[in-house]
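Visitor: Here are the chains, one letter per residue:
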Amino acid sequence: MALLDRFDTPGRLEELSEDHRFARSRRVAGMFDEFTGDFPQFYNPTVEDTPAGLTLATIAWPAFPARVLREKGPGAARWELADGSRDVQDEYCEWSVERGDDGKITRITFTTEVPEYWEHVAQNDPDLLLELYHQFVDPSVDLDDLFRVDLDDPSDGRKYAPRNRWNTSTEGRLAHLVQGSNALKAAIQLVAQATILRERDDGTPVTDRQELVVCGGLGEPFRNSDPQIAEIVNDAAGLGNEITLLDPVGLYLDDLQSAGMETLDGADAAEFWRVERGAPDHAVRASFAVPEDRGYVVGDIKLHGRPITRGAQVADEVRIRIGAGVKPGDHQPVRRRCGE
Amino acid sequence: MEDDVAKPAIQRWTKARLQALVSGNSEETPRRVLEQGLRTSTVNLASSNTSSVAAVRGVEQRVDLPESFFVDSAAQSGLLDLAPPPQPFVDSSVYAASLRTFDVRLTDGDQFRRPGDTHFAFVVPERAFEDTDTLRQAIERGILSRRLAACLLMVDFPNPIFSRRREQLLEHVPPDIAFGETDDFSQDVAHAIRTSATATQPGTPEHEFAQLWDAGEGFKAPFDALLQDYYTAFAERLTTQEGFDSYMRLAESRRDRVKAMPITESPMLFSQTNVPSRERTMVADGRVEEA
Numbered sequence: 001m002a003l004l005d006r007f008d009t010p011g012r013l014e015e016l017s018e019d020h021r022f023a024r025s026r027r028v029a030g031m032f033d034e035f036t037g038d039f040p041q042f043y044n045p046t047v048e049d050t051p052a053g054l055t056l057a058t059i060a061w062p063a064f065p066a067r068v069l070r071e072k073g074p075g076a077a078r079w080e081l082a083d084g085s086r087d088v089q090d091e092y093c094e095w096s097v098e099r100g101d102d103g104k105i106t107r108i109t110f111t112t113e114v115p116e117y118w119e120h121v122a123q124n125d126p127d128l129l130l131e132l133y134h135q136f137v138d139p140s141v142d143l144d145d146l147f148r149v150d151l152d153d154p155s156d157g158r159k160y161a162p163r164n165r166w167n168t169s170t171e172g173r174l175a176h177l178v179q180g181s182n183a184l185k186a187a188i189q190l191v192a193q194a195t196i197l198r199e200r201d202d203g204t205p206v207t208d209r210q211e212l213v214v215c216g217g218l219g220e221p222f223r224n225s226d227p228q229i230a231e232i233v234n235d236a237a238g239l240g241n242e243i244t245l246l247d248p249v250g251l252y253l254d255d256l257q258s259a260g261m262e263t264l265d266g267a268d269a270a271e272f273w274r275v276e277r278g279a280p281d282h283a284v285r286a287s288f289a290v291p292e293d294r295g296y297v298v299g300d301i302k303l304h305g306r307p308i309t310r311g312a313q314v315a316d317e318v319r320i321r322i323g324a325g326v327k328p329g330d331h332q333p334v335r336r337r338c339g340e
Numbered sequence: 341m342e343d344d345v346a347k348p349a350i351q352r353w354t355k356a357r358l359q360a361l362v363s364g365n366s367e368e369t370p371r372r373v374l375e376q377g378l379r380t381s382t383v384n385l386a387s388s389n390t391s392s393v394a395a396v397r398g399v400e401q402r403v404d405l406p407e408s409f410f411v412d413s414a415a416q417s418g419l420l421d422l423a424p425p426p427q428p429f430v431d432s433s434v435y436a437a438s439l440r441t442f443d444v445r446l447t448d449g450d451q452f453r454r455p456g457d458t459h460f461a462f463v464v465p466e467r468a469f470e471d472t473d474t475l476r477q478a479i480e481r482g483i484l485s486r487r488l489a490a491c492l493l494m495v496d497f498p499n500p501i502f503s504r505r506r507e508q509l510l511e512h513v514p515p516d517i518a519f520g521e522t523d524d525f526s527q528d529v530a531h532a533i534r535t536s537a538t539a540t541q542p543g544t545p546e547h548e549f550a551q552l553w554d555a556g557e558g559f560k561a562p563f564d565a566l567l568q569d570y571y572t573a574f575a576e577r578l579t580t581q582e583g584f585d586s587y588m589r590l591a592e593s594r595r596d597r598v599k600a601m602p603i604t605e606s607p608m609l610f611s612q613t614n615v616p617s618r619e620r621t622m623v624a625d626g627r628v629e630e631a
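Chain order of the listed sequences is V and D.
Under the working numbering, the first residue of the first sequence carries the number 1, and numbering increases by one thereafter.
Under the working numbering, the first residue of the second sequence carries the number 341, and numbering increases by one thereafter.
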């Protein structure tokens, strides 16, 4: 049995100073502590012991937004809609697209980096913030572009603006997640709340994942992510276990599934997937681009028989995951009615 | 698994098949390509993204329905760039009432019986991916012209699978038809159908094909107009109980066909209903006709 010393950075990023890493860990611990009181089967691993033989539950889902699929059906219209706004990219993954003069896609950048991390960087190390924007977004970013003054409370000083002019578009290079539901705290809250078992008014248990999400107020029933997370956590909680999120706590990109891609030179398109930020097994930012010496671009690659004309086509082939840990427990969970 | 293993494997297999066919190193005949377009010898299954329980309990107000139930969108829109259908929806209350009307239940035919539909609502057969991919690769290789593919698929388009009318067109394709230079194969097939005796008789699939063929290379606009009228018609019918009930009956007819196929492995593949088993077809005004 052991306590976790501290929460590591998402993807085990090493750019923060030691002091700021500890500060960031305390910030994440605070997010856990907001929920551990109300949800006894959810625990903070820096406060409660975690056994060495913790059961690991990797929860994964497609990056393409299920809500768009449901609204637009399986045809090409869904790709256009998903590429049109970061606000519909709600599966804890957002992407942006770069094109050449001929309109063909040259690079697609995916991120699962939560805004809370970047807010922490902005608050503690603005120079690093600017350096990151220069390296990953655009060399011409000015620090003033990234901050705003709260007009309601000017005395509060400047605050980092996650949705700054460099990080709102689906074109170019994005910085981190901005869609309203794509936040670390939202994921932590979902896992905590999903430890509650639910029943209908007639006393029958709620086990259907979409019904569970609506019944428990656990997010959006037609996202890929929320019902998947809720169902797995709820199943584990039903056996009396305790649940936590695995360190490093975050949302991660799996490798690109390239089996349906046809390249001009017969190369495996997975070679063109490059992790830009995060450890190899904990990628939080990756891009898909063909090296210049190959003589063709992403837009020349076919995916399931169609040329790649939208970033969303590739999002179909990307999986997002979050790691949960299940600690054996002897809780006797009581089912609650919907809405309670 | 589907996108990462099955589909790419089918694409590679189809590529090898067509390569062998074109180079004359195959036991298959060119007619086989048309059979995959016009006959339904296998299917895939599609369903709503909405769980049946969530709809019946009123947790969700609408049930999305698979568009491939109404039209062969993967081929017509995906390959031929014809007008895509809007995502079809039905009110959950209408769907739930239909489940009661038709006594929908899951049963293994033995001990297990549970009222209601499959987990995801409205499971129906759709054109198999292998058939769509054969069409795609045949078009890309120039074996089939886009015009011929469009005209063939637009015959009886409200019935994307199990269309007797489209299958009837195969009667005019000689078993020994061969690939010629450039567009010869497509022209030969079109000529054989258009010059058949029945092509002059209104109401026959050959006549329907001939009229579609007369649209020429600028077929997209008139075909899109036909499709749009149909999309409007079935969307309106989906707003009524009577309209959706008729689609439940049509779905059951198609499931009955699948139950007779070797690919059916379990009585739990589909839910069971009290809908009498008989042939039903969709017509272009969105109505369902019973045989």
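Since the hints were made in silico from the structure, they are not lab data.
Just so we're clear, the structure is a prediction, and the values are computed from it rather than from any experiment.
It cannot be assumed that every hint is accurate.
[Unchecked claim] Computed list of chain V residues with no C-beta within reach of chain D, every gap over 12 Å:
1. R67
2. G84
3. S140
4. D145
5. E171
6. M261
[What the hints assert, rightly or not] Every beta carbon over 12 Å from chain V, so not counted as near; a handful from chain D, in silico:
7. Q351
8. P406
9. T579
10. S593
[Claimed, not checked] Calculated lysine-lysine pairs in the PhoX-like style (CA-CA distance at most 20 Å, straight line):
11. K302(V) with K355(D)
12. K104(V) with K302(V)
13. K159(V) with K185(V)
14. K302(V) with K347(D)
Where a beta carbon is used, it is the ideal one built from N, C-alpha and C, also for glycine.
Visitor: Confirm or reject each hint.
Guide: Checked hints:
| no. | hint | result |
| --- | --- | --- |
| 1 | R67 | violated, 9 Å |
| 2 | G84 | holds, 16 Å |
| 3 | S140 | holds, 39 Å |
| 4 | D145 | holds, 39 Å |
| 5 | E171 | holds, 24 Å |
| 6 | M261 | violated, 8 Å |
| 7 | Q351 | violated, 7 Å |
| 8 | P406 | violated, 8 Å |
| 9 | T579 | holds, 18 Å |
| 10 | S593 | holds, 23 Å |
| 11 | K302(V) with K355(D) | holds, 14 Å |
| 12 | K104(V) with K302(V) | holds, 12 Å |
| 13 | K159(V) with K185(V) | holds, 19 Å |
| 14 | K302(V) with K347(D) | holds, 13 Å |
Going through the hint list in order, the structure does not satisfy hints 1, 6, 7 and 8.
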